[in-house]
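My request is simple: use the sequences and hints to build the entire structure.
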Amino acid sequence: MHRTQKRIVILGAGTGGTLTANRLRRLFQRDEAKIVVVDQDDLHVYQPSLLFVPFGLADPDKIVRSRSDQLRAGIDYIGSAIDRVDIADNRVHLSNGTTLDYDVLVIATGAVLAPEETEGLAGVGWLDNVFTFYDLEGASALQKALASFDRGHLVVNVVDMPIKCPVAPLEFSFLADWYFTERGVRNQIDITYVTPLDGAFTKPVASEHLGRMLEEKGIEVVTEFNTGEVRGDAGKLISYDGREVPFDLAVVVPLHEGATYVGRSTGLGDGLNFVPADENTLQAKASPNIFVIGDAADLPASKAGSVTHFEGETLVENVRRYLADEPLEPGFDGHANCFVESGFHKALLIDFNYDTEPLPGRYPGRVGLPLLKESRLNHLGKLMFQWIYWHGLLPGRDVPGIGATMPRAGKRGAIEEGSTR
Amino acid sequence: MTTLLSHLEGVEFDEEGFFVEPARWTEEMVPELARREGIDEVTDAQWTVIRFMRKEFLEKGAGPTVRVLGKSSGVSVRELYQLFPKGPAKVAAKLAGIPKPRGCI
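Same order as they appear, the protein sequences are chains A and B. Heads up, the first sequence is in numbering that gives the first Met the number 0, so the first residue is 0 and it goes up one at a time. Heads up, the second sequence is in numbering that gives the first Met the number 0, so the first residue is 0 and it goes up one at a time.
Worth flagging that the hints you see were computed from the coordinates, not collected in a lab. In this text, a Cβ means the ideal position worked out from N, Cα and C, and glycines have one as well. Just so you know, nobody snuck in bad clues.
Listed next, the in silico DSS-like pairs over lysine-lysine satisfying Cα-Cα at most 27 Å (straight line):
#1 A/K163 with B/K99
#2 B/K99 with B/K59
#3 A/K163 with A/K345
#4 B/K70 with A/K163
Ranges between beta-carbon positions, derived for each pair:
#5 B/V19 with A/E215: 30 to 38 Å
#6 B/E36 with A/L56: 41 to 49 Å
#7 B/G60 with A/L26: 31 to 39 Å
#8 B/R77 with A/R263: 21 to 29 Å
#9 B/E78 with A/D197: 17 to 25 Å
#10 B/G60 with A/Q4: 33 to 41 Å
#11 A/E223 with B/L7: 21 to 29 Å
#12 A/T265 with B/R50: 19 to 27 Å
From chain A, some residues computed to sit far from chain B (all C-beta separations above 10 Å):
#13 T98
#14 G124
#15 V220
#16 T280
#17 E316
#18 Y321
#19 A323
#20 E328
#21 Y388
This is how it looks when you write it as structure tokens:
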């Protein structure tokens, strides 16, 4: 029977790798498939909470768990960096010198931050008056800086897309407005949101709504600003077309790219080390036996945990179909679902996919959480989600009420189909 | 002779000035498209970028963003902004007759 045991190798044990491994383990008997997961460290960070760390709303120690502990019994875990994937030979070379042969490979290594790609960003001022909250170290350091910041100019800057969770920098701005108000110093602080986009967000209806919220909170917006240089010493951002934005404290979302081993794997990635894949089946363009999930993929979908979650179902089904020699299912519709924290214990919820932009209404049906509208209920939903993440999403259980395809019932302006598709 | 026949006769543009039908684009259209963007004469360096945009679009179905252009076209981002001060990806996409580079999801 051993001749028929398939070898499935999963690179990365974050949201996508973990939920994929756990779902596949439940799907296949142990003699049907051997499942190996590789990651370079054993720290699984609950990334949505990084937003809360700078404001003292989340304890950095409480949002990190062991990666291997999130995997079901019967999954092999290897702690090693990855050197490269040899597509022609169906083989992964690890940095520790070992090799892994595979029948199916799942790429789930996410996106990495590249502050060094922007002139001056990782230089003078980094972690002094220039910070990011996109990793644990930066978010923790920023907490100390914010606590003693009581007058001056705070600038929140997105260098360029794509970034993880495109709403997070907006949420950061909203929370900063709330945080300084609570501390009684808001009138001594200017907040400016500096973006390469031509509006607050990428999708028109939501962009207009979020733009209005920035305005109401007295946050200035600078659009179409392509950051060429960050000068911590002089306290200014300089765009490629020569515009300048001065700051006393800058919170910058650095450029993102795919994991570096992708660049060393001939034919696997694009110019930014993301892995191109079919947007509906999640099969990599590089080879039929490679699949991609989450932030690692070059897809026209948001880089967000919810997207990764929704991709999981299609990806696991297509791994099964590939191994059974059946045609793949074009099941993924680009579904994204984000709670947008807006400060003062409120949040709004947006829900969209490849074809439908975020619309007002309720989610997931006519009776549900309000969409594109601030409410306390959404804020509670966002806080509760951390429990669901560790206990429902990662183990690969279906989360009640949260289906993979985007629901239409309850949305104003959407074509209603009576129930979820 | 009062007017020269425009190469852009009958070409449709969207509200931002990008081609609606990229297949209708020809290199002869470029000088005229460039003048609409305030570029009197298209330099060799600008041609390099325009042709690169066109090639990327035909291969991948979408135009590259400034950052990808800077990494893969052989022209650095800083130089790209010198060539197209109003925004390299957008202006070069217009001159190359391709849709607005997506990049922003």
